[in-house]
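Protein chains in written order, with our numbering: chain D, 2 to 720; chain U, 143 to 319.
These aren't lab readings, by the way, just hints derived from the structure by calculation. Glycine included, C-beta positions come from ideal geometry on N, C-alpha and C. Treat the hints loosely; a few may be bogus.
Unchecked claim - In silico contact screen, one side only, chain D against chain U (beta carbon under 8 Å); selected entries: (1) G647; (2) P689; (3) Y691; (4) V695; (5) S708; (6) I709; (7) L711.
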Amino acid sequence: MAEDFNTESMLDMYLFENGQLLEQLQETVLEQKDADCFDEDSINEIFRTMHTIKGSSGIMMFDNITAVSHKLEDVFFYLRESHPDNVPHVELVEHVLEVEDFISSEMEKIRNGDPVDGDASNIIADLDKFLNMIKNGGTEETAAAENVHEEPKHFYIAPVATSASRFYKIFIHFFPETEMANVHAYKTVYALKEIAEDILYSPEDILTDEKSGETIIKEGFRILLQAQCTEQEVRDMIGVGYDIEKVEVYECDANQFLLGFDFGDQSAPVSAAPEPPKIDLGDTAAEPEANKAETETKKPEEPKITPGDFVIQSKEPGKQKKLAKDKPKGEKASFISVNVSKMDQLMDLIGELVISESVVLQSSDLKVPGLNLDNFNKAAAQLASISTDLQNVIMSMRMVPLTNTFQKMNRIVFDVSRKLGKDIEFVMVGETTEVDKNIIEHISDPLMHLVRNAVDHGIETNEERVQSGKPDKGKVTLSARTEAGKVWISVEDNGKGLERDKILAKARKQGILEDNKPDAAYSDKEVYQFITLPGFSTNEQVTEYSGRGVGMDVVVQNIQAIGGALEIESNPGYGSIMSLKIPLTLAIIDGIVMEVGTSSFVMETGVIKQFIRVKEEMMIHEPNGDEFVMIRGDCFPVIRLGRWYGLEEYQESVEDGVMLILEVEDRKICLLVDKLVGEQEIVVKPIPSYIKKVRGLSGCTQLGDGSIALILDAPGLVE
Amino acid sequence: MDETNRMLEQADGSEGLSRDTQEGKYMTFKSGPEYFGLEIKYVQQIIQFQTITKIPETEDYIKGLINLRGRIIPVVDVRTRFKQGACEYNEKTCILVINVKSTTVGLIVEQIAEVAEIKKENILPPPSLGRAEKAHHKYVYGIGKVGNTVKLLLDPEKLLYDDDPADMDPAKKGEEE
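Build the full structure now, drawing on both the sequences and the hints.
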């Protein structure tokens, strides 16, 4: 590319935007993989995504990506236009994912600076076959549709025209002696793209065709521009350089704009009348094209094209237009990646800031009698609220929901189950559980292993399932939750479960078992742990996905590296559950902050069923000191937190305190505390290991004012 | 306080300074009637006394937790540890943050004295038995002479982890974690 603008940043932009698009695409596709067909919105979305990728890849000259995305765009164009009702949906999903994979891998090459050499011909051939199939099987034989996009330079874009948009015809004359007028012209176009909602220019092949320079000098360079700016601004954008002889800018209305260039207009068709869908033809007509006729016959049939749609001949959609179109994806695009160590530093600094703030605000200098502190107090309150917000933000910043990781697993289940011919339902529970970014990076691979294992080994083949009389669909459940101060991520399948005997036999063979210890002496848990040993695989056959004897041990290593553990439960014949227990060190929980005496405590919101004030007469005192409380006919054991921990200055009377009814695994107890402070998000930190484990405490946290609260461990209290 | 920190900085120096400059330097502080010394390499920083969050059901000398620049560290009261009896915390009370084998602990000391240089030849082994041994003597590995005064040199590991034989195991366990 010979442009004198920065291709580097364009490339970054290209990779970033397309990466986002592909991610979004995969999400959309997977969301609907189990439906009978894509709904209209998704079809449009996939179509548009492919269209955008095709366009930008074309500009960047990544021909294979352009070709593949073009082909898929054709398929979706057909779907969108003709509504064929016998599309094999799963096959279509596979095709889309295949294309997505191909583009992703090519983009990875681009990112690494490798040559972009992936061979797309297979995929294209497959897509062709698929397209022909749905066409021939389709009720209406509309073979023409394919042709619409034969000419790759034709783009089908739906710009969002607003009433504020204005339309200009621009005519630029270059001095006859200008060298490479085409490049100068492109410079102008490039500048205008900044403001353009839509831009169209002629001659259009200024970058690829050097001869266009001559044409430009001879006939001038013509631009149609849709933008929200004044004529003067447009002129300023173009500027008058030493090479530009004259710039003419005419404002026109939308209809005229859509009509195309009326100067030197060869054959502006009369059909380019008020109705927007037809107007697209007006544009193509500016340059006679073979496929015009097909387009024409096709277009008017589709009522769902939004007004303002038209085919323009531009290499790249204008920037602003793109923003408008991608609005729903805006959320996605606003991520940046930050070095975690910087985040840690920031977190520490904010912690310090909060402390020094309280030092300043409570300074003894302020206690001098007779000071007028009104303004000071106002400013101080402002400061306090800002620093609290700041702290909340930084604390939540490191937390990322597991959604993306879980989505990836969705894809794996889909791929593997398709290849193995197993019918598998994939269920995600609690994917919004937030986990520290660090942890997400570490659990992704182990989780992938577990999910693959579940699909590959765990779930039986369809036939086996029928034989053993199980409901015919296999089910893999991926769930996440925080409990007992840990994050639990479980992969559960309803397959055949682990075979104790087989594992034991294998362990015996490998010499893992002690010779004189009978099989029965090993507990199920111990036996299941054997499969996590290196080189241990009970699967006789090595499949594409698993069974090479590596895997489980790597999983365990990875999990241990972040201080977690793998728990295996299995119910022979009914499936198994692999749970990753990840330390809470970095986890965030919603907690209720409460006070007892001078101490603050936090209890995870989830386990608290109710707050209640009780009267003395509701209490039941056992002679041995145990206490119970009757609440609406139910009797709960009571723990007085102050007495339990021997704290100072706590409320003795139950009537002055608040009862919390906690529920852990169907057991309920009441906890008496002095008062509730509020609910907030808590970043859990471990109690320093120097201090021995205290029953009922699972960690500690820093509150907004810099003070420390202890986190109560509900299961520990219940026990 | 600032002065102490400056002294500490001078002694501890920037990263560039070699170990040698730290060699033979001791952070000395007063606890009860006696002065103690701790090798400067263990000392991370000195901070003012701040609010301590109590932790229930721990040893009496573990006073609780403090928030040190976002890190939560346990604090140990040296007086209580030495069984010198509790004392009121006042503006002279400091927290000496030490780092022993990657465990960071704050030591509550009555008063920071100075950074003293004690040459090897001026360090004597602790007085042998005979008299009734004072509680703190088991954490002392030597006696350093500075001018006319003596400082009891502390073994920080023993200070943190050594305990009455009965409590030995849990303490050790804490160390392993």
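Verification of the hints:
no.	hint	result
1	G647	6 Å, holds
2	P689	5 Å, holds
3	Y691	5 Å, holds
4	V695	5 Å, holds
5	S708	6 Å, holds
6	I709	4 Å, holds
7	L711	7 Å, holds
In summary, the structure agrees with every hint in the numbered list given earlier.
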